[in-house]
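Colleague: Protein sequences, first through last, are from chains A and B. Each residue of the first sequence is one higher than the one before, counting from 1 in full-length UniProt numbering. Each residue of the second sequence is one higher than the one before, counting from 1 in full-length UniProt numbering.
Hints were generated in silico from the structure; no laboratory data involved. Source: prediction; values computed, not measured. Check the hints yourself; a few may be wrong.
[What the hints assert, rightly or not] The calculated DSS-like cross-link candidates involving lysine-lysine, where the alpha carbons are at most 30 Å apart (straight line), are:
#, chain 1, residue 1, chain 2, residue 2
1, B, K13, B, K105
2, B, K105, A, K223
3, A, K4, B, K105
4, B, K176, B, K26
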Amino acid sequence: MPLKFFLPALLLTVILAFVSLFVGVRDVSPLDLFAGAADQRDLMVLVASRVPRTVALVLAGSGMAIAGTIMQMLARNRFVEPSTAGTVESAGLGMLTVLLIAPDMPVIAKMLVAAAFSMAGTALFLSILRAIPLRSILMVPLVGIMLGGMISAVTTFFAYRFDLLQSMGAWASGDFSVVLRGRYEILWVAFALTIAAYVAADRFTVAGMGEDFSSNLGLNYRKVMALGLVIVSMVTACVVVTAGVVPFLGLIVPNVVSMIMGDNLRRSLPWIGLCGAALVLVCDIIGRIINAPFEIPVGAVLGIVGSLFFLYLLIGRRNRVA
Amino acid sequence: MIEVSGVSKSYGKTLVVDGVTLSLPKGGLTSIIGPNGAGKSTLMSMIARLLPMDAGSVVVDGLDVTNVSGDVLARRLSILRQDNHLTARLTVTDLVTFGRYPYSKGRPTLEDRDHVERAIDYLGLADLRHRFLDELSGGQRQRAFVAMVLCQDTDYMLFDEPLNNLDISHSVSMMKLLRDSARDLGKTVVMVLHDINFASCYSDHIVVMRDGRLFLQGTPTDIVRQEILSEIYGTEFRVHELDGNRIATFY
Ligand SMILES: Nc1ncnc2c1ncn2[C@@H]1O[C@H](COP(=O)(O)OP(=O)(O)OP(=O)(O)O)[C@@H](O)[C@H]1O
Ligand SMILES: [Mg+2]
Chain A
1 MPLKFFLPAL LLTVILAFVS LFVGVRDVSP LDLFAGAADQ RDLMVLVASR
51 VPRTVALVLA GSGMAIAGTI MQMLARNRFV EPSTAGTVES AGLGMLTVLL
101 IAPDMPVIAK MLVAAAFSMA GTALFLSILR AIPLRSILMV PLVGIMLGGM
151 ISAVTTFFAY RFDLLQSMGA WASGDFSVVL RGRYEILWVA FALTIAAYVA
201 ADRFTVAGMG EDFSSNLGLN YRKVMALGLV IVSMVTACVV VTAGVVPFLG
251 LIVPNVVSMI MGDNLRRSLP WIGLCGAALV LVCDIIGRII NAPFEIPVGA
301 VLGIVGSLFF LYLLIGRRNR VA
Chain B
1 MIEVSGVSKS YGKTLVVDGV TLSLPKGGLT SIIGPNGAGK STLMSMIARL
51 LPMDAGSVVV DGLDVTNVSG DVLARRLSIL RQDNHLTARL TVTDLVTFGR
101 YPYSKGRPTL EDRDHVERAI DYLGLADLRH RFLDELSGGQ RQRAFVAMVL
151 CQDTDYMLFD EPLNNLDISH SVSMMKLLRD SARDLGKTVV MVLHDINFAS
201 CYSDHIVVMR DGRLFLQGTP TDIVRQEILS EIYGTEFRVH ELDGNRIATF
251 Y
């Protein structure tokens, strides 16, 4: 990986993170801060809300982008990502289950329940794919979206019956304005998992070449599938529990990076993580300034950007090996 | 030595490989020939543990392929299948380097790099090495896959129709390359071929499959005969002796 490009990109992301710290309803000026002129309340806002929010954005952004990449390698399809494979919806069902049965669980336990559900949902998705003999490229995300639709229908049904539609609605569109100190730290688990993904990068690349190539190279395909499943589900669950659904990120970023530098994950994963973080930061900043003092949730901004990009992929890459 | 004993495979009710027993000696080049649907690819995939068998066993140098860890076998035996389609976008160098995965687990050493360079060189891919596989022609891609398998540097190398998509000059150099690695480096090369004349001129041993069964095996002199070929394929053949080789014509 050419370091001479990576470092500037890293710098740009850091600048974005910095900007993100100082955008918001309350004007906290960086100059005041460094001059020591910032008052106590500014500092409070910064420490309790702005810093957690920015950190959460970075962790969730890179986590979802990397989770998307791994899904694409496992499903061997460019169009899948946690929100087109039933993963996210299953995590939602898990959240609902927690709300119904044990609403006072600590965050980490909530995350684990959500992760267990999303693991089951994603495994179901992957086994459906295995069972479909002739899987055309577009069938795969369609199956995922249908599965996701079915799972969220179940969720909605029970949420409606138990009067929890409101609380379920809150996470349906990723929103980082709710992120406060003490309520986002679980995302460090997602970060640890993305590091694990990087360590295992070559395994995922080989798995992305398919089961036959993997066996030929002596890779235990099932084990790698299971590892990927755990990483994708846990990362998704962490993000869903803290901020809600961040859609399309796992689709846009891996595809753009792959077009430019290919799929050797050892090389591309750092870029994917970085671009994921940068893209969510940008979308979040846009969401905060476009309609200030009100906020548009980052999920909504990404939804728009993402659907356009999805269309572009469908139309623009029709005549390429997808 | 590869010992195949009583290997069978069926899909639903159709038996596609029917109790094949066969032993392939170490060293040399063996061709497997036979009509479409004879079960050649299925047999080869089972030998390389890509496909589970319904009955029988395959033992490679004393290792039972169904039990031995994939990792160990990957340093003994490699296979290139008939159709290869990658969704992952890799460059030629990336792909070939993954041939070293069984040894380096993705952290290629200098020695691994040497293997990669040699394989790229042997298959004339130097100018294409930074291209993505989806930007290559069919024959160029096929050469890249073969380079990857060569790079794996196993004692046993199985190729299912390695000449797919290759022009005549590349077919000849590929056959020479594989024969030389059998002769000079002591490798055991097994390949499925449709071109009888390549099989005749380059093989030490020819195995004929028909209807899922082992039909015949022997040296090119034993197999490349008018009446035998005509029976295998149900087509008229004429066999000529040319420069010490047996050449079949069938037009
Ligand atoms: N997945 C499958 N499901 C059902 N039948 C199959 C499957 N794979 C192969 N077959 C059948 O098994 C038989 C043997 O197939 P195989 O691919 O081994 O033939 P082959 O000798 O390699 O032929 P070719 O020369 O065309 O490559 C064929 O009749 C084929 O239709
Ligand atoms: Mg075949």
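Colleague: Hints first: check each against the structure and report whether it holds.
Modeller: Here's how the hints hold up against the structure:
| no. | hint | result |
| --- | --- | --- |
| 1 | B:K13 - B:K105 | violated, 41 Å |
| 2 | B:K105 - A:K223 | holds, 15 Å |
| 3 | A:K4 - B:K105 | holds, 27 Å |
| 4 | B:K176 - B:K26 | holds, 19 Å |
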